[in-house]
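Student: Residues per chain are reported as follows:
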Amino acid sequence: MSSARTLATAARVLRQLRHDPRSIALMLLVPCLMLFLLRYVFDGSPGTFDNIGASLLGIFPLITMFLVTSIATLRERTSGTLERLLAMPLGKADLIAGYALAFGLLAVVQSTLATGLAVWFLGLDVIGSPWLLLLVALLDALLGTALGLFVSAFAASEFQAVQFMPAVIFPQLLLCGLFTPRDRMAPALEAISDVLPMSYAVDGMNQVLRHPDVTGDFVRDALVVAGCALLVLGLGAATLRRRTA
Amino acid sequence: MMNYPAGEAADRAAARATDRAAAEPAITAHALTTVRGDRTVLRGLDFTVPAGQITGLLGPSGCGKSTLMRAVVGTQAKVGGSLQVLGRPAGDPALRSRIGYVTQAPSVYDDLTVRQNLDYFAAVLLPGRALRHDRRTAVDRAIADVDLASHADSLAGRLSGGQRSRVSLAVALLGTPELLVLDEPTVGLDPVLRRDLWNLFHQIAADRGTTLLVSSHVMDEAERCHRLLLMREGEILADDTPEALRRRNDTATVEEAFLRLVDAAATRAAHPHPRTTHEEPRS
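Chains as they are written, first to last, in our numbering: chain A, 1 to 245; chain B, 1 to 283.
Chain A with its partners taken away, still in its complex shape:
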């Protein structure tokens, strides 16, 4: 692995994005808009806004980065640039780390905006440190990047890549405890939710929401999300083949 090649790749991905200001605007502003809407949808019950708002701060970066990465890597595969890069002295890890770095940076900006808006302007009542919210958001973004990269190997077109979003993300969204606490689901569903990474992302956010300090559960949640992200990144790397049929 070469840090120079990783940095060059990250810079290239960001440069590509810079030529597409509309996508950047959508990525950064849509989460803020959703939080804003949510705040006034639950105008009469601020407690509900606290719960759902904190969870969403973890879910937005995951979904956005999933979409962005799956489309971006798919384009890399279909345009022939991936084949070209893999025929060059570029390590697979350089490529993946480059993508993760670039989108991670974007996720930091996105999460900072969303967290800042929620905490300081929409009155989201967080007992723990907003920095911890940001940390979880960043880990979630990394997980989204990893999932997107992995899934892009199974999509033959942008059409299919977009369809993977409901297939991979929606079940997790339903089971992650956003709509109803996980321990009140049917036992089978609760068991499934125990092995889905988004459950831990949401739980981590809720830990920060309710506890002034870093709790043991928070550490566990953060480690699970980070571990899943690394595992899926590894799987994603395995789908990058230098030799193809």
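Treat the hints with caution; some may be incorrect.
Covered by chain B, according to a simulated footprint, are these stretches of chain A (three or more residues, beta-carbon under 8 Å) [claimed, not checked]:
| hint | stretch |
| --- | --- |
| 1 | 10-19 |
| 2 | 59-71 |
| 3 | 88-99 |
| 4 | 204-215 |
Read the hints as simulated data drawn from the structure, not as lab findings. By construction, the Cβ of each residue, glycine as well, lies at the ideal position given by its N, Cα and C atoms.
Given the structure of chain A, go ahead and fit chain B onto it with the hints provided.
Tutor: Just chain B now, kept in the frame of chain A:
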């Protein structure tokens, strides 16, 4: 620029090839076989590609040219037999910086400018701060090589098809590779541009000692190569110089020679007699 195909450049390239590595071929294949799905695309090919020269790979669409090139570059899966490239087995990691490869469809980032594309690929080939100047020189030279200086700051996606394929070619020229593998680099280009590109290929072979393997299905380009590999349905029909091909088959152009060889092969396939009519005498 000079008017090739004949003479001087070929002689110079040949001399250079013999100077270096004493006639060691750039590519040597023995019983090269490739399977794609359940179809055998390459059927036990034996050939060599001499160093420092332009070898044309010609044949109709679908005959296996691209698969052969991908095998040489090391991106093709399920390759059987032996394939040595620049003294190493094809696909060896050490070869990645020594080979420039241009796919049929231009593979560049449409949402980057020409220069940004080249900057990135240069950073992959020549990474690190210490090589900044080398990168800049390489990028400037590659842009000049393909004559895109006036479009250096245009987005690749906004360029015409021919311009985009020249950006793709420029990427392959970046690291001064010893072997350039070009898959139909002139397809869809106007005659003037095609001539300029062929002049560039000859200049690269002559000045930089680069070996070029260029595929095409346009037969008039065959006359511009030093050597030719004529392919049909996964087999090599002929491996010779354009001049020898014309002479041996007693034709005025390589195209006629190729057609004659194809007809002979079709007849052989239809009537599997011992080879007779157009079996090439080995010189």
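Student: Starting from the hint list further up, note which numbers the structure goes against and sort them upward.
Tutor: Hints 2, 4 are the ones this structure does not satisfy, whereas the remaining hints hold.
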